[in-house]
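Novice: Here is how the chains run, residue by residue.
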Amino acid sequence: MTNNWIDIKNSDVILVMGANPAENHPVSMKWILKAKERGAKLVVVDPRFTRTAAKADIYAAMRSGTDIAFLGGMIKYIIDHHLFFKEYVVDYTNAAFLVNPEFQCADELNGLFSGYDAKTRKYDKKTWAFQMDEKGLPKKDPSLKDPHCVFQLLKRQYSRYTRDKVSQITGTPKNKLLEVYKIFASTGRKDRAGTELYAMGWTQHTIGTQNIKAMSIIQLLLGNIGIAGGGINALRGESNVQGSTDHGLLFNSLPGYLPVANASWVDLKTYIDKNTPKTKDPKSVNWWSNRGKYITSYLKALYGNSATKENDFGYSWLPKLDEGMNCSWLMLFDQMFNGQFEGFFAWGQNPACSGSNAGKVRKALSKLKWMVNVNLFDNETGSFWRGPGENPSDIQTEVFLLPACSSIEKEGSITNSSRLAQWRYKAIDPVGESMPDAEIMNELYFRVKSLYRRKGGMFRDPIFNLTWDYGEKDTKGKVKKVDIHNVAKEINGYYLEDVIDNKANPPKLLGKKGELCATFVHLQDNGATSCGNWIFSQSYTQKDGKIINMMARRKKTDATGLGLFPEWAWCWPVNRRIIYNRASVDPLGRPWDPQRAVIKWNAVKLDPNTKKPGVWEGDVPDGPAPPMADEKGKYPFIMRADGMGAIFGPGLAEGPFPEHYEALECPLPANLMSGQRINPTMKIFHGKTKDSVEDVFASCDIRFPYVATTYRISEHWQTGVLTRHQSWQLEMAPQQFVEISEELARTKGLKNGDKVSVTSIRGKIWAVAIVTSRLRPFKIANSVVHQIGLPWCFGWQFPADGSGGDSSNLLTPTIGDANTMIPETKAFMVNIEKA
Amino acid sequence: MTRKALLISPEICIGCRGCQTACKEWNQLDGVKTSNAGSFENPPDLIPALYNRIRYVEVPTEAEGQRWLFVSQRCMHCGDAGCMKICPAPGALYKTPEGAVAFSKEKCIGCKLCVTACPFDVPRYDKDGKISKCHLCSDRISQGLPPACAKVCPTGAIRYGERDDLIASAKKTGHEKVYGEMDLTGLGALYAFKDAPRLYGMNENPAIPESVIFWNNILKPLSYLGLGGAVALALIHYVAFGPKKNEEVTRDE
Amino acid sequence: MSNMIRKAGPFEIVNHWALAISFFALVLSGFGFLFHLEQMNALFGSFSRMRFIHNWAGVIFMVSLFLTMFTYLPVSLRLGSDDIGWILKAGGYLSKKAVVPPQDIINTGQKLYYLVFLLTGSAISASGLGIWFIAGVKKWVLISHLVHNISFDLLVTIIPLHIYLGTLANPGTFRIMVYGTVPLEWARKRHEKWVRRMGY
Ligand code: HEM
Ligand code: SF4
Ligand code: SF4
Ligand code: SF4
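Chains A, B and C supply the protein sequences, listed in that same order.
Numbering of the first sequence is given in our numbering, commencing with residue 470 and proceeding in unit increments.
Numbering of the second sequence is given in our numbering, commencing with residue -4 and proceeding in unit increments.
Numbering of the third sequence is given in our numbering, commencing with residue 41 and proceeding in unit increments.
No wet-lab data here; the hints were simulated from the structure.
All C-beta atoms, glycine included, are put in the ideal place defined by N, C-alpha and C.
Keep in mind that the hints are not guaranteed to be accurate.
As the list claims (entries may be wrong) - Computed spacing ranges between beta-carbons, pair by pair:
no. : chain 1 : residue 1 : chain 2 : residue 2 : range
1   : B       : Ala32     : A       : Lys838    : 44 to 54 angstroms
2   : A       : Lys595    : B       : Val52     : 18 to 28 angstroms
3   : B       : Leu230    : C       : Leu159    : 51 to 61 angstroms
4   : A       : Asp930    : B       : Leu140    : 35 to 45 angstroms
5   : C       : Thr221    : B       : Asp75     : 52 to 62 angstroms
6   : B       : Asp75     : C       : Glu78     : 52 to 62 angstroms
7   : B       : Phe236    : C       : Gln79     : 52 to 62 angstroms
8   : B       : Leu140    : C       : Gln79     : 57 to 67 angstroms
9   : B       : Thr(-3)   : A       : Asp938    : 53 to 63 angstroms
10  : C       : Ile61     : B       : Tyr233    : 53 to 63 angstroms
11  : B       : Ala32     : A       : Ser722    : 38 to 48 angstroms
12  : A       : Asp1099   : B       : Thr(-3)   : 38 to 48 angstroms
To be verified - Under the rule of at most 35 angstroms between Cα atoms (straight-line distance), these lysine-lysine pairs were calculated in the DSBU-like manner:
no. : chain 1 : residue 1 : chain 2 : residue 2
13  : A       : Lys659    : B       : Lys28
14  : B       : Lys240    : C       : Lys136
15  : A       : Lys1217   : B       : Lys28
16  : A       : Lys1015   : A       : Lys977
17  : B       : Lys172    : A       : Lys503
18  : B       : Lys240    : C       : Lys129
19  : C       : Lys179    : B       : Lys240
20  : B       : Lys172    : A       : Lys505
21  : B       : Lys172    : A       : Lys832
22  : B       : Lys172    : A       : Lys510
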């Protein structure tokens, strides 16, 4: 989230698209409804009329997978009617930047951008660049008239996204499109704020990242980024999923979104060079120029005293990816399926149900020699060998279950979508033999280490040099009990030496050796500081010698009235509750909307640090520099090298602007927008053998005529491992169901409550039909397209009598977003028949 | 003590059923085996192990578009409670100082009369035949805690507080008529409906069955009167005429 | 004691007691229910127990009521001119001088009382069973409840009179419930028709 949960209440128009907060983030509805109480409008765009839609002022139905068409139409509407926030667009975004004249938009190249290579399915991004002036700064046309400026290219790109065309593709009636566009575009005014809430409904598509990119463009055009009640807000589907990505859960990121090293980056210097963006613009903060400090401090946290300047702070001990190697979830399971893995830790997950194309996943598990299932309960993954259609005697995989304890049986922090790290306490002792994850890791670490000691082995340095000071050690050197506070402190970081600011006059002591770091601003690239995760620096800190766990704060003061609650727990970065907040003020530091001032520049008040006049009031600003118009002022988007909000974004695989492509499996023979039916850059899986039935797809295939999507419901949690064992939850939602329209039911001769079978080319499940007017057929081009919906919270193992059904992921395809490899489970093709 | 109540606002109920679970958790009610009958709504009716359930009402209207309404169904804590009126066992149903209609399984004799007198068809009976229904978390509110369902509700669709304040606040948010303000000398579960209550499956004019009122007001006192009258008559006769001693009886020869 | 005549056999005596005792239990518990008389706890232990006793006393009452029909129903239905005479003289209860027409084994008042009692007794039994067993069918429970209580009101009115008439008002009557016999002379005065029929 750029903003935070509570901030939704400050919004005037809340667009929910790609999410279903009422069912999956119920607490957020508190703030949505608070906003509505103030007169805000809730707009819900979804293929199904959901529980969120039930609270909407405007509901627009849209065929799964056509979000970019829908949003592209909105971009066109905003530009055509001059509803964008001109000052903001010119001053704070790259709209005025001039692009390489050789760059070509998708409207010129029939759905492709310049630089495409069909063989590699990749773009050469050479032309996707800005023209530079002699000072090395991007050339600009603040009038936005130059045909090569981003704004004009944007206009051109979306000129094809007329309401007629969009309606034909999305199935949304034209008047509904207009209604949505009108209300959301109304937030382009200074005194109006619009926010967007999305979740898996946007990410789980082959064009997932571009869905979000399209919305970012809209929010930048309307000046909705950085302001209270604005932003583009990912509703994380688990209480701590933000925390897990912050701490390097993904294969390509280390804690704090530092990239995982690549084998070709041979030393630390290369790593830093490759990952430190440069700018010649003195007004750009270019925050990532600090990369070297963060990676060095991270290495110091990992390897402690063993990390020295001489040995590159142990950089060579970091695990590395081969160049171009992708270890995303889909790829791992593909490799596992092809027998390339011996063992697998399924830690806190249930891929046999959650994995797209779960049939392939289940087969992949059988290729393993061993699997360790770390979970609260046994699940369909740990018991895959005795699942439906499996013959246990054919399966050689040895499965171990390590019972983990739940969050209430241990102490620690969780980080929610608001980037808010909150400390939680243990309520009860772990049940039975279960252990906190940290203890399980402690055991593993100690055993691996002693195995190395006894038997030797390759590449022992990273294991032996790892710091593991999480508690008192026994005679064998094993930590007896992990003190989770020590982990939190390591994440925050320490001053390993006295850190002195030599630029200050006279030089000033920033931090005393041995104390906890006060902020990431103090981190050093010379080994004088350690920090496990730079964005969390300040979360567990020390002031005047006193150690303070900032995450455990519980003060309910809210001076701005915006619901920032700055003394409730702690949020990254440096407790900034709304990021990019420098974009909420004009270049002189005056809030665009004084009624909702996130920050404002007070030119007369003395800065308590520098003792000079001029200080920001309100939220923690994105950097202390004076407003942009000041000679020492800075641009608002500090994480970007050029300091500007990126309307033109060359970073993504498919192109600098989002373009509508159909889902891999879709009901149409062709893309109505261009000659390019599907995402030209996504990786397509091909079965290893000719008769392989795993990686098969059926698009525009009469055997599978209906569009399907999957989702969660409030009554169950993810694959249901936690909730299907809970009889109260099961009582409310006992069985796999499929939602279908009355029209489809009529065509298929189905009645409400009938048991039906739903099949895709990959698999088959049974479900109870919920026949409802909440789903309606779409008019796509000149035909009728039916859409159905399936929850994915059920599994064969529990309820034990099998009455719950099995995972709808048995139907979903093995295909991922071209940037993130998030599987496309939100749009695929199925058939439905009475069982 | 002033009267407390719940204010239920379906307009901000999101049908998440947190309240349905929280109630079962607080009251330690068993999970029941159900099946999906083609609806989100489940179980399909109140049962002994379910004091509070969310009704899902789909209202497809051509003109206004689709609607999906959610509303909590439970005991209304009637001011004039039919269940209490008809109950033959003292203390089985009782009013708490806050105005809740609570029950005691010990005192309940399992006669199942209360459901017949309830205008809302609320009481259910457990496997021992004892009453089971929402008791406004009498064990929580007596300790100054809000009822479990109100506490867990993420949107404030179930709010607990001073009855008068709740009515005033509902009126302030544009609900001229608060369902339950006057009915049955005021309900302890108030509903802020903007639509007709019927749409939510609610009785427009809840009333205790007339036979129960007749019985309560007439038949009950009459029994004392009848008994007393008969005894008095016998007494008067005895004094006025005395016993028919055998000697005094004459035969029609 | 040679000039005694047997008016009630052992069967009738036992049945009458069963009826009376069950009835007392029913009335006491009935009042207990109606007016939440917690004093009844002293008698019955608890209200649950009281319900149990009430319901099973009800069963005894019902059976016993049924059995009374063999004894009293035929004669009660045999109404004639003497009965009209009896009524016109108010059974002789309003004057010591009044002479009533000769009566059968039970007199007109007793016949009428029996018929009313049988009817209300049946009603209260049937409705009692209704409340007991058809819980759930709201309408019928409500009707049963109503009938149960209307009959209760009637019963608690007529029974005390019945008791009064069978004890204080007519000395010598109560022994029928104990011995079943009455002096022939006593019987001749009150149940002449019967006595004659019996051949005395
Ligand atoms: C076959 C006979 C009877 C049956 C099965 C029966 C059953 C019942 C039942 C089920 C109730 C409801 C409360 C409870 O369950 O205890 C009840 C209540 C009552 N019964 Fe009976 N009963 C019978 C005969 C009588 C008789 C003979 C009397 C009185 C003369 C009587 C007086 C009452 C009264 C006063 C109540 C309370 C009414 C109320 O609170 O609704 N019952 N009876
Ligand atoms: S709703 Fe029914 S059970 Fe609840 S108090 Fe009213 S009459 Fe009694
Ligand atoms: S008040 Fe208590 S008993 Fe009643 S529904 Fe709510 S949680 Fe259940
Ligand atoms: S918790 Fe609140 S919002 Fe959710 S269903 Fe219950 S009443 Fe409705």
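Novice: Now look at each hint and say whether the structure bears it out.
Specialist: Against the structure, the hints:
| no. | hint | result |
| --- | --- | --- |
| 1 | B:Ala32 with A:Lys838: 44 to 54 angstroms | holds, 45 angstroms |
| 2 | A:Lys595 with B:Val52: 18 to 28 angstroms | violated, 59 angstroms |
| 3 | B:Leu230 with C:Leu159: 51 to 61 angstroms | violated, 27 angstroms |
| 4 | A:Asp930 with B:Leu140: 35 to 45 angstroms | violated, 57 angstroms |
| 5 | C:Thr221 with B:Asp75: 52 to 62 angstroms | holds, 57 angstroms |
| 6 | B:Asp75 with C:Glu78: 52 to 62 angstroms | violated, 23 angstroms |
| 7 | B:Phe236 with C:Gln79: 52 to 62 angstroms | violated, 34 angstroms |
| 8 | B:Leu140 with C:Gln79: 57 to 67 angstroms | violated, 36 angstroms |
| 9 | B:Thr(-3) with A:Asp938: 53 to 63 angstroms | holds, 59 angstroms |
| 10 | C:Ile61 with B:Tyr233: 53 to 63 angstroms | violated, 25 angstroms |
| 11 | B:Ala32 with A:Ser722: 38 to 48 angstroms | holds, 46 angstroms |
| 12 | A:Asp1099 with B:Thr(-3): 38 to 48 angstroms | violated, 59 angstroms |
| 13 | A:Lys659 with B:Lys28 | violated, 55 angstroms |
| 14 | B:Lys240 with C:Lys136 | holds, 10 angstroms |
| 15 | A:Lys1217 with B:Lys28 | holds, 30 angstroms |
| 16 | A:Lys1015 with A:Lys977 | holds, 20 angstroms |
| 17 | B:Lys172 with A:Lys503 | holds, 22 angstroms |
| 18 | B:Lys240 with C:Lys129 | holds, 18 angstroms |
| 19 | C:Lys179 with B:Lys240 | violated, 51 angstroms |
| 20 | B:Lys172 with A:Lys505 | holds, 21 angstroms |
| 21 | B:Lys172 with A:Lys832 | violated, 61 angstroms |
| 22 | B:Lys172 with A:Lys510 | holds, 25 angstroms |
Consistency with the previously given hints fails for numbers 2, 3, 4, 6, 7, 8, 10, 12, 13, 19 and 21, ordered from lowest to highest.
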